[in-house]
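Asker: Put together the whole structure using the sequences plus the hints.
Sequential numbering from 1 applies to the sequence shown in full-length UniProt numbering.
In case anyone wonders, no lab produced these hints; they're calculated from the structure.
Ideal Cβ positions, reconstructed from N, Cα and C, are used throughout, including at glycine.
Please note that a few of the clues may not be correct.
Ranges between beta-carbon positions, derived for each pair [to be verified]:
#: 1; residue 1: Tyr7; residue 2: Leu35; range: 24 to 34 angstroms
#: 2; residue 1: Met1; residue 2: Lys46; range: 28 to 38 angstroms
#: 3; residue 1: Leu13; residue 2: Phe44; range: 42 to 52 angstroms
#: 4; residue 1: Ala38; residue 2: Gly11; range: 35 to 45 angstroms
#: 5; residue 1: Asp43; residue 2: Trp23; range: 15 to 25 angstroms
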Amino acid sequence: MDDVKKYGAAGTLSYVITELLFWAIAFPTECIVYLNTAGHWPDFSKPEEL
1 MDDVKKYGAA GTLSYVITEL LFWAIAFPTE CIVYLNTAGH WPDFSKPEEL
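Answerer: Structural data, given as C-alpha coordinates:
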(Lines of atoms letter the chains of each structure in order from A and count residues from 1; the text may use other names and numbers.)
(Lines give C-alpha, C1' and ligand atoms only; values in the text may rest on other atoms or scores of the structure.)
Protein backbone atom coordinates (compact mmCIF):
# COMPACT_ATOMS: atom_id res chain seq x y z
CA MET A 1 0.00 0.00 0.00
CA ASP A 2 2.96 2.32 0.38
CA ASP A 3 3.46 2.33 -3.40
CA VAL A 4 -0.21 3.18 -3.91
CA LYS A 5 0.12 6.14 -1.56
CA LYS A 6 3.44 7.14 -3.12
CA TYR A 7 1.91 7.49 -6.59
CA GLY A 8 -1.16 9.36 -5.35
CA ALA A 9 -4.25 9.41 -7.55
CA ALA A 10 -2.58 7.33 -10.28
CA GLY A 11 -1.66 4.66 -7.74
CA THR A 12 -5.17 4.62 -6.33
CA LEU A 13 -6.73 4.39 -9.78
CA SER A 14 -4.34 1.61 -10.74
CA TYR A 15 -5.19 -0.31 -7.57
CA VAL A 16 -8.94 0.09 -8.11
CA ILE A 17 -8.73 -1.05 -11.73
CA THR A 18 -6.61 -4.05 -10.74
CA GLU A 19 -9.09 -5.07 -8.04
CA LEU A 20 -12.07 -4.66 -10.36
CA LEU A 21 -10.42 -6.79 -13.04
CA PHE A 22 -9.50 -9.44 -10.50
CA TRP A 23 -13.05 -9.78 -9.20
CA ALA A 24 -14.56 -9.52 -12.70
CA ILE A 25 -12.54 -12.62 -13.62
CA ALA A 26 -12.44 -14.49 -10.29
CA PHE A 27 -16.13 -14.46 -9.33
CA PRO A 28 -17.53 -15.83 -12.63
CA THR A 29 -14.73 -18.40 -12.73
CA GLU A 30 -15.57 -19.50 -9.20
CA CYS A 31 -19.25 -19.86 -10.10
CA ILE A 32 -18.47 -21.93 -13.21
CA VAL A 33 -16.13 -24.19 -11.24
CA TYR A 34 -18.86 -24.59 -8.62
CA LEU A 35 -21.39 -25.49 -11.33
CA ASN A 36 -19.05 -28.11 -12.77
CA THR A 37 -18.34 -29.67 -9.36
CA ALA A 38 -21.71 -29.45 -7.62
CA GLY A 39 -23.90 -29.79 -10.70
CA HIS A 40 -25.97 -26.68 -9.96
CA TRP A 41 -25.49 -22.95 -9.68
CA PRO A 42 -24.66 -21.59 -6.23
CA ASP A 43 -27.72 -20.52 -4.25
CA PHE A 44 -26.54 -17.63 -2.10
CA SER A 45 -29.78 -17.65 -0.09
CA LYS A 46 -28.75 -20.97 1.52
CA PRO A 47 -26.10 -20.58 4.25
CA GLU A 48 -24.67 -24.07 3.66
CA GLU A 49 -23.67 -23.08 0.13
CA LEU A 50 -21.73 -19.98 1.11
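Asker: Against each hint, give a clear statement of whether it holds in the structure.
Answerer: Verification of the hints:
1. Range check, Tyr7 to Leu35: Cβ separation about 39 angstroms, and the 24 to 34 angstroms hint is violated.
2. A hinted range of 28 to 38 angstroms for the beta carbons of Met1 and Lys46 is consistent with their spacing of about 36 angstroms.
3. Restraint check, Leu13 to Phe44: a C-beta distance of roughly 30 angstroms breaks the suggested window 42 to 52 angstroms.
4. At about 39 angstroms, the CB distance of Ala38 to Gly11 agrees with the hint of 35 to 45 angstroms.
5. Between Asp43 and Trp23 the beta carbons are some 20 angstroms apart, a value that agrees with the proposed interval 15 to 25 angstroms.
Hints 1 and 3 from the list above are not met by this structure, while the remaining hints are.
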